[in-house]
Amino acid sequence: MAHAVSTVDAPKPWSGGDAPFNISWGKMMMWFFLVSDALTFSSLLIYYGATRNMNREFWPNPDEVYNHFPFVEGHIPLAFVSLMTFILIMSSVTMVLAVEAGHRFDKKGVVKWMIWTIIGGFLFLGSQAYEWYHFIHGTAEGKVVEHGLGVIHGANMVENEYGPKQFANLFFLITGFHGSHVFSGVVLNIIVLIMAARGVFHRRGHYEMVEKVGLYWHFVDLVWVFVFTFFYLI
Amino acid sequence: MELYDNYQPHLHSASDPIPAPKTGWIWKIFWYLLAITVIEVGLAFANYEMHFVSKQVLKYLFIGMTLLKAYYIIFSYMHLKDEKKGFQLTLGFLLVLLVYFVTLMMIEGLYQENVRLIFPSYLISDSPAFGL
Chain A
1 MAHAVSTVDA PKPWSGGDAP FNISWGKMMM WFFLVSDALT FSSLLIYYGA TRNMNREFWP
61 NPDEVYNHFP FVEGHIPLAF VSLMTFILIM SSVTMVLAVE AGHRFDKKGV VKWMIWTIIG
121 GFLFLGSQAY EWYHFIHGTA EGKVVEHGLG VIHGANMVEN EYGPKQFANL FFLITGFHGS
181 HVFSGVVLNI IVLIMAARGV FHRRGHYEMV EKVGLYWHFV DLVWVFVFTF FYLI
Chain B
235 MELYDNYQPH LHSASDPIPA PKTGWIWKIF WYLLAITVIE VGLAFANYEM HFVSKQVLKY
295 LFIGMTLLKA YYIIFSYMHL KDEKKGFQLT LGFLLVLLVY FVTLMMIEGL YQENVRLIFP
355 SYLISDSPAF GL
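Chains as they are written, first to last, in our numbering: chain A, 1 to 234; chain B, 235 to 366.
Honestly, the hints are just simulated from the structure, not real lab data. For clarity, every value in this text was computed on a predicted model and none was experimentally measured. It is possible that some hints are incorrect.
[Said to hold, decoys possible] Heads up, simulated PhoX-like pairs for lysine-lysine below, C-alpha to C-alpha not over 20 Å straight-line:
hint, chain 1, residue 1, chain 2, residue 2
1, A, Lys212, A, Lys107
2, B, Lys256, A, Lys107
3, A, Lys112, B, Lys256
4, B, Lys315, A, Lys27
5, A, Lys27, A, Lys212
6, B, Lys256, A, Lys108
7, A, Lys27, B, Lys318
8, B, Lys315, B, Lys256
9, A, Lys27, B, Lys319
10, B, Lys315, A, Lys212
11, B, Lys318, A, Lys212
12, A, Lys212, A, Lys112
13, B, Lys262, B, Lys315
14, A, Lys12, B, Lys318
15, A, Lys108, A, Lys212
16, B, Lys319, A, Lys12
[To be verified] Simulated restraints on C-beta separations:
hint, chain 1, residue 1, chain 2, residue 2, range
17, B, Tyr294, A, Arg204, 44 to 52 Å
18, A, Leu125, B, Val336, 25 to 33 Å
19, B, His285, A, Gly142, 20 to 28 Å
20, A, Tyr133, B, Phe353, 36 to 44 Å
21, B, Gly326, A, Leu83, 14 to 22 Å
22, B, Val287, A, Pro70, 30 to 38 Å
23, A, Tyr133, B, Leu332, 30 to 38 Å
24, B, Val336, A, Ala19, 31 to 39 Å
25, B, Ser247, A, Tyr47, 46 to 54 Å
26, A, Val72, B, His244, 43 to 51 Å
27, A, Leu83, B, Trp259, 21 to 29 Å
Backbone N, C-alpha and C fix where the C-beta goes; we use that ideal spot for every residue, glycine too.
Go ahead and model the full structure; you've got the sequences and the hints to work with.
Structure representation (structure tokens):
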């Protein structure tokens, strides 16, 4: 009898109070948040695709819209966004290096790589400001509108010189939403940098918080990979 | 922290010596990501200058390369390949419906374009093309 009772009462991985996936509560919730955020970004990008399919003959060629580069006269398609992509991939690498240093309990390494990651984040935000500035101000020629309404320069939420109204609106919405994610990522990175530098994680005995903000930072990079393809390449 | 109390990250003590970094795999993945990006930009730039292949072909090529980059970032940099299979599937199943959603919305977009081409005055003031 005693034997039978013990088999019934034996704890199962799913009976509660256990971690069946061998992953801590905080990391798992970060993953679930990232999946829901991925769904948000997906729906925005899918709407972008549908709108583009609705207006194929009016849709501008991205190579002719985003062709500025700092300190360079004339038009170079793709160069600047490629640089932005490189900056974000690079800051992703420094983030993995920070996580790796955290696994080795190397406080100096974590602080060093977190600082590089934050610098990369600020560089990216500055690049995005430059990109928006040129998108909003547009070209000197602008676009002459029929019916004597004048010339449109650049873009706002009502009209733009490049193409359909939705082209500019979706650019503002999606790159802006991504930019705000980058900004909050930089803020989280700064908080974790300060905590790491003050030895909070050292006393705690593990650097898992670096892994959690690392997950968020890689997700931001991941979204940019998709934005880059759908806005600038295709 | 009662729940999951039996799960603890590997705890270190301050007196442990710091092992040497093992960063080879990180830089390997970095070079993969960089190479894919360079190929993408190179193809887009070359096609912009010379138009050697149709934009449709290039589009699917770019989407494929983007998914490859996403795979490297998620599985290596976000360490998803080190998690349990069940956890990978838990996250993955949530995204399966996106395949259906993408297909649906692309077809819907083309249908709306047809409606606009057949009935030019239909919904013109609400049309995204208005204001051109």
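Now the hints, each set against the structure:
1. Lys212(A) / Lys107(A): Holds, at roughly 16 Å.
2. Lys256(B) / Lys107(A): Between Lys256(B) and Lys107(A) the Cα gap is close to 16 Å, so the pair holds against 20 Å.
3. Lys112(A) / Lys256(B): holds (16 Å)
4. Lys315(B) / Lys27(A): The hint holds at about 14 Å.
5. Lys27(A) / Lys212(A): holds (6 Å)
6. Lys256(B) / Lys108(A): Holds, at about 16 Å.
7. Lys27(A) / Lys318(B): Status holds; Cα separation ~13 Å.
8. Lys315(B) / Lys256(B): holds (18 Å)
9. Lys27(A) / Lys319(B): Distance ~16 Å between Lys27(A) and Lys319(B) Cα, so the pair holds.
10. Lys315(B) / Lys212(A): holds (16 Å)
11. Lys318(B) / Lys212(A): This hinted pair holds, its Cα atoms lying about 17 Å apart.
12. Lys212(A) / Lys112(A): holds (18 Å)
13. Lys262(B) / Lys315(B): holds (16 Å)
14. Lys12(A) / Lys318(B): Holds, at roughly 17 Å.
15. Lys108(A) / Lys212(A): Roughly 19 Å between the alpha carbons, so the hint for Lys108(A) and Lys212(A) holds.
16. Lys319(B) / Lys12(A): Cα-Cα ~18 Å, so holds.
17. Tyr294(B) / Arg204(A): 44 to 52 Å: holds (48 Å)
18. Leu125(A) / Val336(B): 25 to 33 Å: Given range 25 to 33 Å: holds, Cβ gap about 29 Å.
19. His285(B) / Gly142(A): 20 to 28 Å: holds (27 Å)
20. Tyr133(A) / Phe353(B): 36 to 44 Å: Distance hint for Tyr133(A), Phe353(B) holds at roughly 39 Å.
21. Gly326(B) / Leu83(A): 14 to 22 Å: Once the Cβ atoms are compared, 33 Å apart, the range 14 to 22 Å for Leu83(A) and Gly326(B) is violated.
22. Val287(B) / Pro70(A): 30 to 38 Å: holds (31 Å)
23. Tyr133(A) / Leu332(B): 30 to 38 Å: At roughly 33 Å between Cβ atoms, Leu332(B) and Tyr133(A) fall inside 30 to 38 Å, so the hint holds.
24. Val336(B) / Ala19(A): 31 to 39 Å: Once the Cβ atoms are compared, 34 Å apart, the range 31 to 39 Å for Ala19(A) and Val336(B) holds.
25. Ser247(B) / Tyr47(A): 46 to 54 Å: At roughly 52 Å between Cβ atoms, Tyr47(A) and Ser247(B) fall inside 46 to 54 Å, so the hint holds.
26. Val72(A) / His244(B): 43 to 51 Å: Given range 43 to 51 Å: holds, Cβ gap about 50 Å.
27. Leu83(A) / Trp259(B): 21 to 29 Å: Because 26 Å falls inside the window, the suggested range holds.
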